[in-house]
Amino acid sequence: MEASGQEPVEDHYSEQENELVVVNAEIKGKLTVRVAFEDNIVPANVDTFEITITPPNGFRQTFEASIDDPEVRLKGLPLGSYTIEEKTGNIKPDGYNLETKYTVQITDEELFESRYVTLTKEKPRATVIVTNIYSKID
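Every number in the numbering used here is 269 more than the matching position in the sequence shown, counting from 1.
Hints may contain errors.
[Said to hold, decoys possible] Between beta-carbon pairs, the in silico distance windows are:
hint, residue 1, residue 2, range
1, THR387, TYR365, 32 to 40 Å
2, LYS370, SER350, 15 to 23 Å
3, ASP316, GLU391, 35 to 43 Å
4, PHE381, ILE406, 24 to 32 Å
5, ILE336, ASN293, 41 to 49 Å
6, SER383, GLU288, 42 to 50 Å
7, ASN287, ASP337, 50 to 58 Å
8, ASP337, LYS297, 23 to 31 Å
9, ARG329, GLU382, 50 to 58 Å
10, LYS370, ALA294, 33 to 41 Å
11, GLU382, GLU333, 20 to 28 Å
12, ALA294, ASP337, 32 to 40 Å
Quick caveat, the hints were computed from the structure, so don't treat them as lab data.
Heads up, the beta-carbon is just placed ideally off N, CA and C, and yes, glycines get one too.
Make a model of the complete structure from these sequences and hints.
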C-alpha cells in the first residue's frame, strides 16, 4: 500500500505502437413503449396496462405498465421487426368508448402511426407511444 492509503494502480497499455485492435460486436436494439392519454382523460378504475411485444422470432412477451410507471423499456434486442399491442379488455370500463392509436418515433423528426416498428443497424432505437383515447358514452 502506498503512503496515500490507496493501492497502487497498474497501467495497462500496449508496448506496440502500430497495433490495431478490432472488436466485432453485434448491434443490439432498444425499444421504449410509452402509454399516454389524449386530453389526460383516464377513467377512475383504470391503472394498469398490458403491452404485448412480438419480436422477429415470434416469441410474444407481455409487460405491464401503469399510471405511475407508463413506460416499458427493453434493450439488448435483436434487430428486426416488432409488433406492439395493448390488451384493451381490462382498460375499457363501462360508460366509455376506447380508441387506441400507436405512434412510432424513430428520431425527433421521424414520426408515423403504426403498431409495427423495425430496428435496423442504422436506426436501432425507437419509441412507440400507445395513446388511449377515452370518450364518455352519453
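Cross-check of the supplied hints:
no., hint, result
1, THR387 x TYR365: 32 to 40 Å, "33 Å, holds"
2, LYS370 x SER350: 15 to 23 Å, "20 Å, holds"
3, ASP316 x GLU391: 35 to 43 Å, "38 Å, holds"
4, PHE381 x ILE406: 24 to 32 Å, "30 Å, holds"
5, ILE336 x ASN293: 41 to 49 Å, "43 Å, holds"
6, SER383 x GLU288: 42 to 50 Å, "47 Å, holds"
7, ASN287 x ASP337: 50 to 58 Å, "56 Å, holds"
8, ASP337 x LYS297: 23 to 31 Å, "28 Å, holds"
9, ARG329 x GLU382: 50 to 58 Å, "22 Å, violated"
10, LYS370 x ALA294: 33 to 41 Å, "36 Å, holds"
11, GLU382 x GLU333: 20 to 28 Å, "24 Å, holds"
12, ALA294 x ASP337: 32 to 40 Å, "35 Å, holds"
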